[in-house]
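Student: The primary structure of each chain is shown beneath.
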Amino acid sequence: METRISVNGEEKTLDADTRTSLLDALRHHFKLSGTKKGCDHGQCGACTVLVNGRRINSCLTLVCMHDGDEIRTVEGLGRPGDLSLLQEAFVEHDGYQCGYCTPGQICSATAMLEELKAGWPSVVTEDLTSCPELTNREISERMSGNLCRCAAYPNIVDAIRQVAE
Amino acid sequence: MRPFDYHRADTIADAAGRGSAGATIIAGGTNLLDLMKLQVITPERLVDINGLPLDEIGETAEGGLRIGALVTNSDLAADPRVRRRYPVLARALLSGASPQLRNMATTGGNLCQRTRCYYFQDTDRPCNKREPGSGCSAIDGFNRIHAILGASDECIATHPSDMAVAMRVLKADVEVEGGEDGNRTIPIDQFFRLPGDTPHIENELRSGEVITAVTLPPPPAGEQRYRKVRDRASYAFALVSIAAVVDVRNDEIREATLCFGGLAHLPWRDERAEAVLVGESPSEELFGKAADTLLADARGFGHNEFKIPLTRRTLKAVLMDICGMGDD
Numbered sequence: 001m002e003t004r005i006s007v008n009g010e011e012k013t014l015d016a017d018t019r020t021s022l023l024d025a026l027r028h029h030f031k032l033s034g035t036k037k038g039c040d041h042g043q044c045g046a047c048t049v050l051v052n053g054r055r056i057n058s059c060l061t062l063v064c065m066h067d068g069d070e071i072r073t074v075e076g077l078g079r080p081g082d083l084s085l086l087q088e089a090f091v092e093h094d095g096y097q098c099g100y101c102t103p104g105q106i107c108s109a110t111a112m113l114e115e116l117k118a119g120w121p122s123v124v125t126e127d128l129t130s131c132p133e134l135t136n137r138e139i140s141e142r143m144s145g146n147l148c149r150c151a152a153y154p155n156i157v158d159a160i161r162q163v164a165e
Numbered sequence: 001m002r003p004f005d006y007h008r009a010d011t012i013a014d015a016a017g018r019g020s021a022g023a024t025i026i027a028g029g030t031n032l033l034d035l036m037k038l039q040v041i042t043p044e045r046l047v048d049i050n051g052l053p054l055d056e057i058g059e060t061a062e063g064g065l066r067i068g069a070l071v072t073n074s075d076l077a078a079d080p081r082v083r084r085r086y087p088v089l090a091r092a093l094l095s096g097a098s099p100q101l102r103n104m105a106t107t108g109g110n111l112c113q114r115t116r117c118y119y120f121q122d123t124d125r126p127c128n129k130r131e132p133g134s135g136c137s138a139i140d141g142f143n144r145i146h147a148i149l150g151a152s153d154e155c156i157a158t159h160p161s162d163m164a165v166a167m168r169v170l171k172a173d174v175e176v177e178g179g180e181d182g183n184r185t186i187p188i189d190q191f192f193r194l195p196g197d198t199p200h201i202e203n204e205l206r207s208g209e210v211i212t213a214v215t216l217p218p219p220p221a222g223e224q225r226y227r228k229v230r231d232r233a234s235y236a237f238a239l240v241s242i243a244a245v246v247d248v249r250n251d252e253i254r255e256a257t258l259c260f261g262g263l264a265h266l267p268w269r270d271e272r273a274e275a276v277l278v279g280e281s282p283s284e285e286l287f288g289k290a291a292d293t294l295l296a297d298a299r300g301f302g303h304n305e306f307k308i309p310l311t312r313r314t315l316k317a318v319l320m321d322i323c324g325m326g327d328d
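In order, the protein sequence lines correspond to chains B and Z. Each residue of the first sequence is one higher than the one before, starting from 1 at the first, in this note's numbering. Each residue of the second sequence is one higher than the one before, starting from 1 at the first, in this note's numbering.
These aren't lab readings, by the way, just hints derived from the structure by calculation. All figures in this text were calculated on a predicted structure; none of them were measured in a lab. It is possible that some hints are incorrect.
Stated by the list, open to error - Listed next, the in silico EDC-like pairs over lysine to aspartate or glutamate satisfying Cα-Cα at most 16 angstroms (straight line):
# : chain 1 : residue 1 : chain 2 : residue 2
1 : Z       : Lys37     : B       : Asp24
2 : B       : Lys12     : B       : Asp24
3 : B       : Lys117    : Z       : Asp79
Can you build the whole structure from these sequences, using the hints too?
Tutor: Structure below.
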């Protein structure tokens with residue numbers, strides 16, 4: 001099945017088996033191994049990428065469903081020597097231990113800050129009609145789709161808070 | 001995953017035609033692809049409906065909202081009209097899954113999602129829902145998350161949705177197209193089925209029918225609440241959840257609609273329990289009576305008996321809160 005997608009600003013064409021997940025296409029066909037396979041069932045968030053600016057689990061979608069879409073992976077957010085603000089903040093605050101969940105955390109947090117700017121509520125937002133404030137509770141809830149088995153959560157929250165402020 | 005053919009539908013009729021010929025519809029894919037990886041579902045053909053123009057939320061002439069079947073759970077929860085007029089729905093959506101999954105999951109797909117019963121997902125174990133006639137592994141197995149209401153000897157699975165619980169308390173209608181009967185509207189009270197002796201049939205959709213929209217009536221009078229109790233603070237399915245719409249005026253409950261998640265094969269509603277409340281003055285004793293009525297036929301299967309007192313306590317807490325009596 002031929003699929004044309006943009007990955008980190010580069011136009012790509014792929015002719016892959018229909019079963020190929022977006023995650024496997026990124027890692028195996030485009031050799032972008034920054035995006036990680038954790039559970040492969042949408043339960044851990046390690047595979048989080050941005051599709052047309054929105055964060056999704058790349059393990060639970062087929063690459064053939066993304067013809068014409070724009071994908072951004074952690075490699076597209078920053079490079080060594082030219083890190084994004086969130087990438088820098090994760091380094092500064094030690095927002096990881098083993099680092100396996102980190103690309104997913106950073107992609108997720110990148111989109112999360114955009115969602116917040118757009119005024120999206122979360123389940124812990126007291127007043128659904130107001131513009132939510134970025135409390136630690138809000139950050140934790142909004143990042144709950146990204147598990148960290150090393151439990152670096154406090155430092156992840158600190159890193160995100162620094163960038164948000 | 002087993003091999004399959006993939007087709008992108010360009011019209012509803014195209015999707016419906018392929019659906020009636022045996023293809024499986026894919027929208028968000030979050031549940032379907034998960035089950036395909038586990039080989040719980042092994043479709044030979046997928047028809048992708050993401051290109052269809054079903055992603056709008058519009059006002060209805062009656063003062064309600066018509067939600068296209070492809071509106072994502074994120075977009076629906078963020079819509080200012082939903083947040084202002086149907087907070088029970090916004091809260092239910094936001095309490096489900098994770099932000100990433102809500103960006104993919106659709107309104108129509110959410111209604112059609114399958115149970116998270118461990119045995120349904122384990123192809124090495126008998127399951128009447130997955131393989132009719134093979135038996136139910138959950139009844140005598142590990143059944144902590146299973147049903148306490150409306151279960152049968154064939155199946156004790158629960159419906160996993162939060163959104164559907166709110167849709168039912170709001171008395172939504174499900175619009176479908178493409179079947180032999182043409183366009184039709186299914187009231188959500190009639191959309192889901194109890195397991196009975198056909199647990200593999202979960203709703204009233206017929207061959208070839210495509211959900212095109214869910215329509216909400218005008219916002220009901222009174223206050224709305226959604227409360228979900230689960231094993232962790234976020235990103236977990238409900239052990240019990242309650243959507244409530246209660247109208248209290250001059251210390252009298254004028255109307256009460258309650259819907260429960262995590263308790264049954266469908267979002268559970270019991271009009272007898274609602275009737276206990278109507279016309280009465282709110283009190284803890286009254287709420288206990290409503291819980292007695294709701295749970296009169298409740299039955300646990302070993303590991304899930306805790307859900308009976310949990311439901312009672314959660315119902316009382318929700319009703320105390322919604323009637324302005326504080327949240328115990």
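Student: For every hint, state whether the structure bears it out.
Tutor: Hints, verified against the model:
Using a Cα cut-off of 16 angstroms, the hinted pair Lys37 of chain Z and Asp24 of chain B holds, with the two alpha carbons roughly 13 angstroms apart. A hinted pair counts as satisfied when its Cα atoms are at most 16 angstroms apart, and Lys12 of chain B with Asp24 of chain B qualifies at roughly 15 angstroms. Distance restraint check for Lys117 of chain B and Asp79 of chain Z: the Cα-Cα separation of roughly 14 angstroms lies within the 16 angstroms cut-off, and the hinted pair is therefore satisfied.
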